[in-house]
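Peer 1: Can you build the whole structure from these sequences, using the hints too?
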Amino acid sequence: MAEQKTFHLMIARVDGPVFDAPATLVTVPGAEGEMTILPQHEAFISPLKQGTITVKNTDGETESFECMSGTVEVGENQVSILL
Numbered sequence: 606m607a608e609q610k611t612f613h614l615m616i617a618r619v620d621g622p623v624f625d626a627p628a629t630l631v632t633v634p635g636a637e638g639e640m641t642i643l644p645q646h647e648a649f650i651s652p653l654k655q656g657t658i659t660v661k662n663t664d665g666e667t668e669s670f671e672c673m674s675g676t677v678e679v680g681e682n683q684v685s686i687l688l
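Heads up: the sequence shown at position 14 corresponds to 619 in our numbering, and the numbers run straight through without jumps.
Don't take every hint at face value.
[What the hints assert, rightly or not] Calculated cross-link-like contacts (lysine to aspartate or glutamate; reagent style EDC-like; alpha-carbon spacing at most 20 Å):
(1) K661 / E608
(2) K654 / E668
(3) K610 / E671
(4) K661 / E678
(5) K661 / E671
(6) K654 / E681
(7) K610 / D664
(8) K654 / E639
(9) K654 / E671
(10) K610 / E681
(11) K610 / E678
(12) K661 / E647
(13) K654 / E678
(14) K610 / E647
(15) K661 / D625
Quick caveat, the hints were computed from the structure, so don't treat them as lab data.
Peer 2: The structure is reproduced here in structure tokens:
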């Protein structure tokens, strides 16, 4: 069986981390529309608007987090979301 591709995802608020673990995908409410980020995604930075962040973890389970605004930064197989 092929090894599952992942990236490190960190979602944080001013008061501390919300999620900090490997993930297989994350969907965020980008300022220009919804974006799904997969492992080895091209580097970019984007503002976020109000909506839902959806994370698929390495067990295949989905977790959701509410977002009022924030920033997503992607680079070197890591994704950082600051809310």
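Peer 1: If a hint holds in the structure, say so; if it doesn't, say that too.
Peer 2: Here is what the structure says about each hint:
Among the hinted pairs, K661 with E608 is consistent with the structure: their alpha-carbon atoms are about 16 Å apart, no more than 20 Å. A C-alpha spacing of about 19 Å is found between K654 and E668, which places the hinted pair at or below 20 Å, so the restraint holds. Note on K610 and E671: the hinted pairing is violated, with a Cα-Cα distance of about 25 Å set against a maximum of 20 Å. At most 20 Å may separate the alpha-carbon atoms for a hinted pair to count; K661 and E678 meet this at roughly 18 Å.
Only pairs whose Cα atoms come within 20 Å are accepted, and K661 paired with E671 is accepted, the gap being roughly 15 Å. For the given pair, K654 sits about 24 Å from E681 by alpha-carbon distance, which is inconsistent with the 20 Å threshold. Note on K610 and D664: the hinted pairing holds, with a Cα-Cα distance of about 12 Å set against a maximum of 20 Å. Using a Cα cut-off of 20 Å, the hinted pair K654 and E639 holds, with the two alpha carbons roughly 10 Å apart.
For the given pair, K654 sits about 10 Å from E671 by alpha-carbon distance, which is consistent with the 20 Å threshold. For the hint linking K610 to E681, the alpha-carbon distance of about 14 Å falls within 20 Å, and the restraint holds. This hinted pair checks out: K610 and E678 have alpha carbons roughly 19 Å apart, not beyond 20 Å. For the hint pairing K661 with E647, the CA-to-CA distance comes to about 19 Å; that is within 20 Å, so the pair holds.
Pair hint K654 plus E678 holds up; C-alpha atoms about 14 Å apart against a cutoff of 20 Å. Of the pairs offered as hints, the one joining K610 and E647 holds, with about 15 Å between alpha carbons and a cut-off of 20 Å not exceeded. Simply put, K661 and D625 have alpha-carbon atoms about 13 Å apart, close enough for the 20 Å limit, and the pair holds.
This entry does not satisfy hints 3 and 6, going by the numbered hints stated previously.
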